[in-house]
Amino acid sequence: MQGTNPTDFEKWCAKEMGHTVEYMIMQRKKNMFGGTEYKHEEIDKRYRAWSAATSYISKNLIFRKLMPEGE
Numbered sequence: 002m003q004g005t006n007p008t009d010f011e012k013w014c015a016k017e018m019g020h021t022v023e024y025m026i027m028q029r030k031k032n033m034f035g036g037t038e039y040k041h042e043e044i045d046k047r048y049r050a051w052s053a054a055t056s057y058i059s060k061n062l063i064f065r066k067l068m069p070e071g072e
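Numbering (our numbering), first residue to last: 2 to 72.
One thing to keep in mind: the hints can contain errors.
[What the hints assert, rightly or not] The list that follows gives simulated cross-link-like pairs (lysine-lysine, PhoX-like), each with its CA atoms no further than 20 Å apart:
# : residue 1 : residue 2
1 : K31       : K46
2 : K31       : K12
3 : K30       : K40
4 : K40       : K16
5 : K60       : K40
6 : K46       : K12
7 : K46       : K16
8 : K60       : K16
9 : K30       : K12
[What the hints assert, rightly or not] The following label-pair restraints were derived from C-beta to C-beta distances:
#  : residue 1 : residue 2 : range
10 : Y57       : T5        : 27 to 33 Å
11 : A53       : K12       : 16 to 22 Å
12 : G36       : I58       : 28 to 34 Å
13 : D45       : N6        : 15 to 21 Å
14 : S56       : M33       : 19 to 25 Å
15 : W51       : T21       : 27 to 33 Å
16 : A50       : G19       : 14 to 20 Å
17 : Y57       : T37       : 28 to 34 Å
18 : K30       : D9        : 14 to 20 Å
19 : S52       : E23       : 17 to 23 Å
Please keep in mind that the hints were generated in silico from the structure rather than gathered at the bench. These figures come from a predicted structure and were not determined experimentally. Yeah, the Cβ is synthetic: ideal placement off N, Cα and C, and Gly gets one too.
Can you build the whole structure from these sequences, using the hints too?
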């Protein structure tokens with residue numbers, strides 16, 4: 002968790018939903034595994050989708066860098 006510094010997700014989501022960034026920060030909570038969740042259900046849905054997308058993109062970029070060119 003980031004403390005009081007807003008994440009890129011929180012900045013984007015605040016703009017999308019019409020909330021303040023401060024509100025987004027206040028909605029953070031830690032789950033029992035130490036990960037970040039959000040108290041507001043709609044924010045949490047967007048966070049899970051954002052996390053999955055960024056993870057997928059990161060893995061594909063790493064995979065493409067490891068592949069030799071021409072294959």
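**Given hint K46 paired with K31 - CA-CA distance at most 20 Å** = holds (15 Å)
**Asked** Between K60 and K16, does the CA-CA distance stay at or below 20 Å?
**Response** Answer violated: K60 to K16 is near 27 Å, above 20 Å.
**Asked** That 28 to 34 Å hint for G36 and I58 (C-beta), does it hold up?
**Response** violated (19 Å)
**Request:** Starting from K31, check that the Cα of K12 is at most 20 Å away, please.
**Result:** holds (19 Å)
**Message:** Quick check: does the Cβ-Cβ distance between D45 and N6 fall within 15 to 21 Å?
**Reply:** holds (19 Å)
**Prompt:** Straight-line Cα separation of K30 and K40 no greater than 20 Å?
**Reply:** holds (7 Å)
**Message:** Assuming the hint says 14 to 20 Å, is it satisfied by the Cβ distance from A50 to G19 or not?
**Reply:** holds (18 Å)
**Asked** Per the hint of 27 to 33 Å, is the separation of the Cβ atoms of W51 and T21 within bounds?
**Response** Once the Cβ atoms are compared, 18 Å apart, the range 27 to 33 Å for T21 and W51 is violated.
**Asked** Measuring from beta carbon to beta carbon, are K30 and D9 in 14 to 20 Å?
**Response** holds (19 Å)
**Item:** Pair hint K46 and K12, alpha-carbon separation not exceeding 20 Å
**Value:** Holds. K46 to K12 sits at ~16 Å (cutoff 20 Å).
**Prompt:** CB of A53 to CB of K12, is that within 16 to 22 Å?
**Reply:** holds (19 Å)
**Request:** Go ahead and decide if the range 19 to 25 Å is satisfied by the Cβ distance of S56 to M33.
**Result:** holds (21 Å)
Checked against the numbered hints given earlier, this structure breaks hints 5, 8, 12, 15, 17; the rest are met.
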